[in-house]
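A.B. asks: Heads up: the sequence lines are chains A and B, in that order. Each step along the first sequence adds one to the number in the numbering used here, with nothing skipped, and position 40 is 42. Each step along the second sequence adds one to the number in the numbering used here, with nothing skipped, and position 81 is 211.
None of these hints come from the bench; they were simulated from the model. Among the clues, some could well be false.
Quick list of in silico lysine to aspartate or glutamate cross-link-like pairs, EDC-like style, CA-CA up to 16 angstroms [as the list claims (entries may be wrong)]: (1) Lys65/A x Asp173/B; (2) Lys129/A x Asp173/B; (3) Lys144/B x Asp208/B.
Computed from a predicted structure; not experimentally measured.
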Amino acid sequence: MTDMAIKKKRPKNLDLKSIRLPLPGILSIIHRISGAGIFLLLPVLLWLLQSSLTSPETFAVFKGVFGNPLVKIILFGLIYLYMHHFCSGIRYILLDLHKGIDLESARLSSKIVFAVSIGLTLIIGAKILW
Amino acid sequence: MVNRIVVGAHYGLKDWIIQRATAIIMAIYTVIFPVVVGVVGPDSFAAWQGIFANGFMKFITFLFFISLFYHVWIGMRDIWMDYVKPDGLRLLFLMATAALLVGYTGWAVQILWRM
């Protein structure tokens, strides 16, 4: 009986072009994409940290790479990925604690996550990149 | 009455908790680190290296990295399990991810203790 219930055909729509994600859904997929992006960039980040710490010579190399405009743009994007993942992660922990689970608050908190992570990215970007 | 037979390795809850615990550790570090950099205001290689030469900073930075790599393992495993359906390919991705993260852990140790 339970097997039947599980296998019952339910309507589903997986057509990405016709799905209109609400803001919390957009936040959710960016959370996932940002996590994967940080994973992919880990070797670059570890290499940057290593060159910044090993010796004055490698530090000079690090400064050169860090000063490259293209690298700055990539790092700026990375700061956003981190900040989005950070802020939406805090939101998820609050949701886990049953804080703000009604639709109204969930939508509001998604807006706050976007606003705060964009704000923090601009501040940190301005501070360390330019 | 619920008489569902629960099968599996039961690692779901453990991983769910670790994902959140590691997140909290990283979140705390994410607040501490900019404060330390702000207070020290490193303007040279020596000053920047000095931040990580401090025993406490070394310890919490290492704790951050361990948390990061474990957190990444859980997240990336979920992603591969969601999108990579052929068993062989999924296994390959999982193994590559695990191998990379173990390697990164060694790399992080090397960065922090051989500088």
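A.B. asks: Take the hints in turn and mark each one as holding or not.
C.D. replies: These are the hints, each one checked on the structure:
no.: 1; hint: Lys65/A x Asp173/B; verdict: holds (12 angstroms)
no.: 2; hint: Lys129/A x Asp173/B; verdict: holds (14 angstroms)
no.: 3; hint: Lys144/B x Asp208/B; verdict: holds (14 angstroms)
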